[in-house]
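In case you want the letters, here they are:
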Amino acid sequence: MILQATLSGIVMGCVYALIALSLVIIYKSTDVVNFAAGEFVMIAGYLGLLLLDHFGLNYPLMVVLTVTLMFAFGALFERTALNKIVGFKYAAEAALVPMVVATIGLSFMLKGAVRVIPSTEEVLRLPPLFSGPPVFFANIVLQRQDIGIVIVAVLVMIALTLGFNFTAIGKALRATSQNPRAAALIGIPVKRMRMMAWGLASGLAGISGILLSPKLLMTPDMGNVVMLGIAASIVGGFTSLVGCVIGGIVLGVVQNLIGIFVSPQAIAVTPFFIIMLVLVMRPNGLFGEAMRLKKV
Amino acid sequence: MSKRASKRRFTACAVTTAIVALTATASMTPARAEDPGITDNEILIGMFGPLSGPLIAYGIDPVQAAKMLYEEANKKGGIHGRKIRLIVEDDKCSPNDIVSVVKKFVTIDKVFMLHGGSCTAAVSAAADYINREKIPYAMLNAAGDNAVFPPTRYVFGSFQGTQRAYAAAFATFGAQFLKAKRAAVIVHDDEYGKANAAMARATFEKFGVEVVIIERIPPNISDLTAPMLKIREAKPDVILSGAYPAPAVLIAQKYAEFGMTAIPLLQAAQGIPTPSVFAKNVANPEALENFYYTWAFNDIGDAAVRTKYIDLFKSYNNGREPGPFMMSGIPSAVAVLAALDAAGRDLTREGFVNAMEKLNLKFDAMPGPLEFGPKRRDGARTMVIIKYDGKTQKVMPGTYTWDGKEAN
Numbered sequence: 007m008i009l010q011a012t013l014s015g016i017v018m019g020c021v022y023a024l025i026a027l028s029l030v031i032i033y034k035s036t037d038v039v040n041f042a043a044g045e046f047v048m049i050a051g052y053l054g055l056l057l058l059d060h061f062g063l064n065y066p067l068m069v070v071l072t073v074t075l076m077f078a079f080g081a082l083f084e085r086t087a088l089n090k091i092v093g094f095k096y097a098a099e100a101a102l103v104p105m106v107v108a109t110i111g112l113s114f115m116l117k118g119a120v121r122v123i124p125s126t127e128e129v130l131r132l133p134p135l136f137s138g139p140p141v142f143f144a145n146i147v148l149q150r151q152d153i154g155i156v157i158v159a160v161l162v163m164i165a166l167t168l169g170f171n172f173t174a175i176g177k178a179l180r181a182t183s184q185n186p187r188a189a190a191l192i193g194i195p196v197k198r199m200r201m202m203a204w205g206l207a208s209g210l211a212g213i214s215g216i217l218l219s220p221k222l223l224m225t226p227d228m229g230n231v232v233m234l235g236i237a238a239s240i241v242g243g244f245t246s247l248v249g250c251v252i253g254g255i256v257l258g259v260v261q262n263l264i265g266i267f268v269s270p271q272a273i274a275v276t277p278f279f280i281i282m283l284v285l286v287m288r289p290n291g292l293f294g295e296a297m298r299l300k301k302v
Numbered sequence: 017m018s019k020r021a022s023k024r025r026f027t028a029c030a031v032t033t034a035i036v037a038l039t040a041t042a043s044m045t046p047a048r049a050e051d052p053g054i055t056d057n058e059i060l061i062g063m064f065g066p067l068s069g070p071l072i073a074y075g076i077d078p079v080q081a082a083k084m085l086y087e088e089a090n091k092k093g094g095i096h097g098r099k100i101r102l103i104v105e106d107d108k109c110s111p112n113d114i115v116s117v118v119k120k121f122v123t124i125d126k127v128f129m130l131h132g133g134s135c136t137a138a139v140s141a142a143a144d145y146i147n148r149e150k151i152p153y154a155m156l157n158a159a160g161d162n163a164v165f166p167p168t169r170y171v172f173g174s175f176q177g178t179q180r181a182y183a184a185a186f187a188t189f190g191a192q193f194l195k196a197k198r199a200a201v202i203v204h205d206d207e208y209g210k211a212n213a214a215m216a217r218a219t220f221e222k223f224g225v226e227v228v229i230i231e232r233i234p235p236n237i238s239d240l241t242a243p244m245l246k247i248r249e250a251k252p253d254v255i256l257s258g259a260y261p262a263p264a265v266l267i268a269q270k271y272a273e274f275g276m277t278a279i280p281l282l283q284a285a286q287g288i289p290t291p292s293v294f295a296k297n298v299a300n301p302e303a304l305e306n307f308y309y310t311w312a313f314n315d316i317g318d319a320a321v322r323t324k325y326i327d328l329f330k331s332y333n334n335g336r337e338p339g340p341f342m343m344s345g346i347p348s349a350v351a352v353l354a355a356l357d358a359a360g361r362d363l364t365r366e367g368f369v370n371a372m373e374k375l376n377l378k379f380d381a382m383p384g385p386l387e388f389g390p391k392r393r394d395g396a397r398t399m400v401i402i403k404y405d406g407k408t409q410k411v412m413p414g415t416y417t418w419d420g421k422e423a424n
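First to last, the sequence lines map onto chains A and B.
Counting in our numbering, the first sequence runs from 7 upward without gaps.
Counting in our numbering, the second sequence runs from 17 upward without gaps.
Hints are supplied without guarantee of correctness; some may be wrong.
Stated by the list, open to error - When the alpha-carbon atoms are kept at most 30 Å apart in a straight line, the in silico DSSO-like pairs for lysine-lysine are as follows:
#1 B:Lys210 with B:Lys391
#2 B:Lys83 with B:Lys330
#3 B:Lys296 with A:Lys221
#4 B:Lys324 with B:Lys374
#5 B:Lys83 with B:Lys246
#6 B:Lys374 with B:Lys99
#7 B:Lys210 with A:Lys221
#8 B:Lys296 with B:Lys410
#9 B:Lys150 with B:Lys126
#10 A:Lys221 with B:Lys120
#11 B:Lys374 with A:Lys221
#12 B:Lys403 with B:Lys195
#13 B:Lys246 with A:Lys221
#14 B:Lys410 with B:Lys391
#15 B:Lys246 with B:Lys324
#16 B:Lys407 with A:Lys221
#17 B:Lys83 with A:Lys221
#18 B:Lys150 with B:Lys197
#19 B:Lys251 with B:Lys403
#20 B:Lys195 with B:Lys410
#21 B:Lys83 with B:Lys126
Calculated from the structure, these hints are not laboratory results.
With the rest of the complex left out, here is chain B:
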């Protein structure tokens, strides 16, 4: 080999090594020290939720609840000396709106991280952009199945459980507590319902319960006669419903009308935004004689927890009584505050994501831990089951935790 060729090869090797080393260094570096949205005394967070439109109930109080926790943290001096500043926008639970809001936060406001979103379809629409831009994102209170399965680095969610967790909890309760042998499932014909039905079937079958019928209904259905008659014909000994508020009422009405009240009816929480209003709409006490719903919080069983958060909410909202979804804004804010604290004074986006990933947080508002991991982005998997007769809510014994195994 000539001297010149040897020199050329050495130069090529050196350049290649340098490129590889630089690339590796860049990818291993936790983050740039100058991440946007952080100053010596401030962390800027872009917060959003449905603050107008038909789904406002899912957003307005949860956003207020999360804000109050940030303000509480600021009152105590902030996180490692930095105060949290929020910019709040309305996403209307619309996929188009949420993407616009997120892009605005990232490109114009240059926030450190994002916190918000109450609807699965909407948060899922924004997930790709968020991962591409490498912005840490904590959902507000969306179940978010499609955004956390499969897990991606920057998206953390399901702080009050996924559809998988609701369905697994109900199916476990049906099999173990109610000793059911034949189950009927009624869900919507969308992604939400698909996830719910698949997990319910898998869990029921794990416990040897036969799923005798799965009825998929459109969310805008106005007459439940056909599906409820088919369910009655299938002779189940437990019925699991993943319906939204209006169809959930119609299901309960037909269930009573067709004389099925001896069969326990298990309704996922999204169908009963306010239990008292649900009972008033059903307008038939018989329909609620054997009625249960899932819940991800301790506020119903523990008066001290309820009082603590309601009083705090009222103190920040001119004495206004919160709606039932207020509690759902608490866990994500608690998790964000804990991760900001764990990430330390040298806060970076990557450092925050790493801290979120290691989170295993137990606190008074929830029956189980909020936990993430390298391959886990859904926070809450533990539910309680509430028996509701239209007047009183009784927490059933035990907690029900999804084991994280996917339905096939």
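For reference, chain A alone in the conformation it holds in the complex:
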């Protein structure tokens, strides 16, 4: 039972990690915590279902189109809303509160917009990307989709780590976050980089939505899962891609073990307890760099 709970916790942890990765990309590039990340995941799930059921696309085409549209959506939001808020300033010099409030506003707006669509009043489910009979390891059972989630989470983490550390665009994104004025002076198109970070994070939320919707089920309130992504990010350290994956896994496993040894009722409060514990014991998380203190 404990082994099954631990493995299922790892899978759920990777679910939280995917959301956390989307949060960390934006945080690393713009210093903003995107409170609409959960709604991005929710929108991607509904979009995927729409493309499959209504437009009759096949699964690979749906994945490509959903991720592309989500990329465009994130970039558009940055261009039309955040860019106006930042104005001519660089992100690091701009007031963060209006930007964070804009993401909170966006989350409510997306939730409200989805609720207007009649069929969303029911719980819906996107067909899984990886389907087929479950896989057994002795008495342990795992769905193929679960294994797929773990593999995708690890691959995304590796790709992003390599991308941020070894590619020109990744380095430009980091420079934009760390010192936008200096980045601009050496010719990095700061605004374009910010737009790209939002597009990238939104595209990642698209992948997360496609993977998570079969597992978490889709309702307009599905975006509340962002709190678990935030918890994973805080545990791992808000600036570490590896950290947030490990943070997600720790969170998923602890939740399940608490569900077994304490009570399922305690599962819902576990993330908040862990957040408090980490903030008190290790404010930068398990793998995070020391964060700059900003007045927000």
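Let chain A serve as the given structure and place chain B on it in line with the hints.
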């Protein structure tokens, strides 16, 4: 005793007697003849339900169904010559909204009575105000456990059964039909789940079934691994679930994933708003090999009943096919119409409440009577059990009626 003292005592006695008599008369009077919301040719009813927001499915079709029955009654000349006029408001199933809507109906629109509410927490929030203002109130389709237990004079509800009735029906079915000896119960950690679990345990124990585990889960739970593993470890031979739609799907998925499909899974109706959508979400036929749910209506087993109400609904809604909750708007409207009729032409609020209290109504849409009494405000206690395999729904033999005895 002096003459003056005797006169004073007589005067005091007379005044006291007069006050007592007036008070008694006032309390015994059925109602003021000039109750608000009634004219010679109209009865004004304030109707509400969730017409927007995430719980819209529980309200939109039931409200339309109740409206169509009132309009049908109006077509036949109304009730004792009075037509029914409705004012409809959206309560979003929110306690704050429902209280505002009810206050608006009472103070601004001055309605005769209230009819509405699809969610237990919301209707419970309005119950105090309704009783204080002495406004007759019939719930639309909320289970309403907290609003009808303990019973209060003006609040009538549970027209499709309470959580107590669902749990009692399932536990009786599990013990008597499925011959279970060890039961597991999984419910939410809210008032809804508390009522469900207490009644399930009491009923199972009445039949000598051991309740081996009760798991309480948060409504927003995203991973059912831990509770379902604990249930598997407890080795039950029947599982009763009172979960809401999303957790109900996750329960069914884990139940199949962990190889528990030989154990019957009994799911209360609130978890499967639309059976076909539920089956599609579960996406595993094995999970539904041994699956049952409670239902408070005859429409599944009786095609004539189904056709009758669906056709009527479509005729009032431009041919639109109703959702599965449409039937839940029927019983309360039927009961209100019957009580208005029984209260007679000299209709007053108190007269209507008295008529509701005496109601014992059997009609085609329900497997048992809608019944109230001086100490009873929950209308429906009889359920049928449906076996659902993802394609076909089969009504199991018999009906299951809660005896009204509270769980300790």
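How the hints compare with the structure:
no.: 1; hint: B:Lys210 with B:Lys391; result: 22 Å, holds
no.: 2; hint: B:Lys83 with B:Lys330; result: 13 Å, holds
no.: 3; hint: B:Lys296 with A:Lys221; result: 13 Å, holds
no.: 4; hint: B:Lys324 with B:Lys374; result: 28 Å, holds
no.: 5; hint: B:Lys83 with B:Lys246; result: 46 Å, violated
no.: 6; hint: B:Lys374 with B:Lys99; result: 23 Å, holds
no.: 7; hint: B:Lys210 with A:Lys221; result: 27 Å, holds
no.: 8; hint: B:Lys296 with B:Lys410; result: 18 Å, holds
no.: 9; hint: B:Lys150 with B:Lys126; result: 13 Å, holds
no.: 10; hint: A:Lys221 with B:Lys120; result: 43 Å, violated
no.: 11; hint: B:Lys374 with A:Lys221; result: 50 Å, violated
no.: 12; hint: B:Lys403 with B:Lys195; result: 16 Å, holds
no.: 13; hint: B:Lys246 with A:Lys221; result: 20 Å, holds
no.: 14; hint: B:Lys410 with B:Lys391; result: 35 Å, violated
no.: 15; hint: B:Lys246 with B:Lys324; result: 45 Å, violated
no.: 16; hint: B:Lys407 with A:Lys221; result: 23 Å, holds
no.: 17; hint: B:Lys83 with A:Lys221; result: 39 Å, violated
no.: 18; hint: B:Lys150 with B:Lys197; result: 47 Å, violated
no.: 19; hint: B:Lys251 with B:Lys403; result: 22 Å, holds
no.: 20; hint: B:Lys195 with B:Lys410; result: 19 Å, holds
no.: 21; hint: B:Lys83 with B:Lys126; result: 19 Å, holds
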